[in-house]
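2 protein chains.
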Amino acid sequence: MTNLSAVRPVFFVSDRTGITAENLGHALLTQFSTIKFEHHSLPFINTEEKARIAANTINLKAQTSPCQPLVFSTLIDDACRRIIDDTQAHIIDFFDAFIKPLEIELRTQSSHAAGLSHGISNEHVYMSRIDAVNFSLKNDDGISTKEYKDADVILIGVSRSGKTPTCLYLAMQFGLRAANYPLTESDMANGRLPEALQPYKDKLFGLLINAERLHTIREMRKQNSGYASMAQCQKETRMIRSLFDLEKIPHIDSSHISVEEIATSIIQQMKIHRPPIY
Amino acid sequence: MTNLSAVRPVFFVSDRTGITAENLGHALLTQFSTIKFEHHSLPFINTEEKARIAANTINLKAQTSPCQPLVFSTLIDDACRRIIDDTQAHIIDFFDAFIKPLEIELRTQSSHAAGLSHGISNEHVYMSRIDAVNFSLKNDDGISTKEYKDADVILIGVSRSGKTPTCLYLAMQFGLRAANYPLTESDMANGRLPEALQPYKDKLFGLLINAERLHTIREMRKQNSGYASMAQCQKETRMIRSLFDLEKIPHIDSSHISVEEIATSIIQQMKIHRPPIY
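Sequence lines, in order, name chains A and B.
Mapping of the first sequence onto our numbering: residues 1 to 278, in sequence order.
Mapping of the second sequence onto our numbering: residues 1 to 278, in sequence order.
Hints are computed from structural coordinates only; laboratory data are not their basis.
Do not take every clue at face value.
Each pair may be met inside one copy or between any two copies, as identical chains are not told apart.
Simulated crosslink set (BS3-like; lysine-lysine; CA at most 25 Å straight-line) [claimed, not checked]:
# : residue 1 : residue 2
1 : Lys271    : Lys235
2 : Lys149    : Lys50
3 : Lys271    : Lys36
4 : Lys138    : Lys203
5 : Lys61     : Lys146
6 : Lys50     : Lys222
7 : Lys222    : Lys235
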């Protein structure tokens, strides 16, 4: 029945956003790099009627595809789960695998309540994330330094070293107030931190980037400009490395790592207290 | 050994960011709402030495806490896993539970390669996410409508209905180019869409919010202002609902749902093709 050379359909079935199901399934599937997968997301499966529609979609795919579909499910409602379990797919049931052992270990019945994750389960934590996003936008790119006293972290680096996306990720995912300040060539001319940053030295975290990568990114923005030239990128990356060393600013090289990895490293290196992922 | 009334320490152990481990563990723990958990994140456990340090941290907690710690692990390296398995904790090993059954089902050995998730595994997909974040910032709050032709979606709604965080989430998580345009009272005065938006009608998605919620959020921003007053919030929310109905704009009420839920609903309702979560 299963044809290994063909594309294998994968469904992520969830009663809410499906983000947990998809993260989890993706982390597993990346371990099978020789197989091609075709991803389908089926979020908000929170009634038996929607479960039956989802089951039809899965069965239709099973009948028209050379490969049996895989289903990653984070459904909690028992009636919905039974409907999906009855499809012609190979089911990987997240709750089935862990909830029973956890009930035994914790000596408590689980609530079997759907969608407690990735919703507004804690209004206060949720609003702090939205506030943090607004803070990051107001304190992006050195627009203002007036609120730096309220920042959890202030990222510094040359233009296009990844400061803005990292700040927004720190805010959105972790509710951290992350500001950022771009260091220009003239800011770095005397080899010291700009005066505006000196009172907040313990909140500063530096992003390095190598000259080749910076050149590529700047070229996408302003092609053939002095700003994007290799010579300018080499100059600025050299200057900022000296500055971080001299001022003893903790830093990371962002050239080949993702925003998620940069953000996690910052929290770890700066020992920032953050709330659990909600 | 286990004291049910005390706080139970939980460790999320990962060879990369730990985001998958924490999402997964959190989704499970929300099912046990009567138990208090204390979260600890141990990311970047990618050498045996770091695994031994992590194991010491876990064992120290086990010895000083009235409750045995829980460990959620997404470690892949066998040597690191053995070190964590030997701690005095109850281990929930994500890969152990699913990788073997998947290897059998897929008739393929898994690569056992660490950190393929939440890194830059696909440079093109990663850069499209960063580009999308930049697009959303440039096209936030109606700053400019020149690039609307390149947008995947344009969110419309009254001020403070959740447009900006939703756009940034769509960009960051899914690499979608999301613009947003705030509708003021005068924009809505004639009951039709502003002219600037009319050419892009098929890309528009509306965010509704109820007057009470809007009033609360605006009060946090500009206390005791006309802008934040209940009367103004009632007026604008009534006007925008009529506008969406008249112009047949697909929409959702954002009052009590999270950015993740709003974003997922938009993708579903607008049938937007998005890449898999990387």
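| field | Numbered hints the structure breaks, given as an ascending list | value | Hint check: 1, 2, 5 and 6 fail, others pass.
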